[in-house]
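Q: Listed here are the chains, written in short residue letters.
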Amino acid sequence: MKTLSIIESAYRATVEEQDDTIVWIHGAMKGAGAELAVLLRGNAVNYLVEAQNAGGLAFGDWEQTQPPRLASDLAALAAKGVEICYVAEDVAERGIERSELIAGVQPVAREAVAELVGRYERVWHW
Amino acid sequence: MADKKTITIAIMDAPYENARSTTALRLIDLAARRGYNINVFAYEGAVLQPFSGQTPHPNAVHGRNVEEENHFIPKDAIAALMREAERNGGKIDWVNCGLCVDERGAGAAIAGVRRGSPADLWQMAEASDNTLVIATR
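Chains A and B, in that order, are what the protein sequence lines are. Counting in my numbering, the first sequence runs from 1 upward without gaps. Counting in my numbering, the second sequence runs from 1001 upward without gaps.
Take these hints with a grain of salt, some might be off.
[Unchecked claim] Okay, derived cross-link-like pairs now, EDC-like style, lysine to aspartate or glutamate, Cα gap no bigger than 20 Å in a straight line:
(1) A:K2 with B:E1126
(2) A:K30 with B:E1126
(3) A:K2 with B:D1129
[To be verified] Covered stretches of chain A (chain B as the covering partner; in silico rule of three or more C-beta atoms under 8 Å from a C-beta of chain B):
(4) 1–11
(5) 32–41
(6) 116–126
Source of the hints: derived by calculation from the structure; they are not laboratory data. Here the structure is a predicted model, which means the values were calculated and not measured. Using N, Cα and C, we set each Cβ at its ideal position, and we do this for glycine too.
All chains should be built: construct the whole structure from the sequences, respecting the hints.
A: Pasting the structure below:
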């Protein structure tokens, strides 16, 4: 059964985890044969901004060498066959241009979200 | 039971952080009383819900000793839910995300909890009548 996951919580422990754990679990489930689509909304739309860089964290002589790379993680998920879309107004309201986003992701108008949800038998809201 | 249901609930919150955890246990309780088969996928901090090292404590502010306080201990609630499910002809299959367990040192869990992976969540959802995700906010 194809599942639509709506990802809204953003940047929850991403520095500690070195990824977003919800994006991560979708990659793992896809590897296990899951049929998945992802809708990013709210602050999570920022995950699609290619130029973000969370590198540079250091405490004393410890340096983080593998910071979260959220945009590339989303691109990798798309490359595995997971359809990635985002709420267009949530991107615009944050002053983000479409040209700043990774390729291969599709905008969905806020008023079309209900119709999108209706296309799936199973919807998970993260 | 002709209308026996199987449900899956995914949870993420650590114990003693917010009411979502209690809500999840309340939902599991209702399902257990109805004899449903219940799958739980504990992700991230939720792997600490059935952590066997939880210990009740007295509460000086309340003026009660440990017995009087009878503090809510999630692992004990989960064990009680497992018993309730069995009593009503159902069962609880509680899966702790293994990597989440490792990074938290939370390997010690009560009996009936098993280690798994996101593949288990998907497989449990596929085999269920419905699935509810209770994510961290």
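Q: Going back to the hint list, which numbers does this structure go against?
A: Every hint satisfied by this model.
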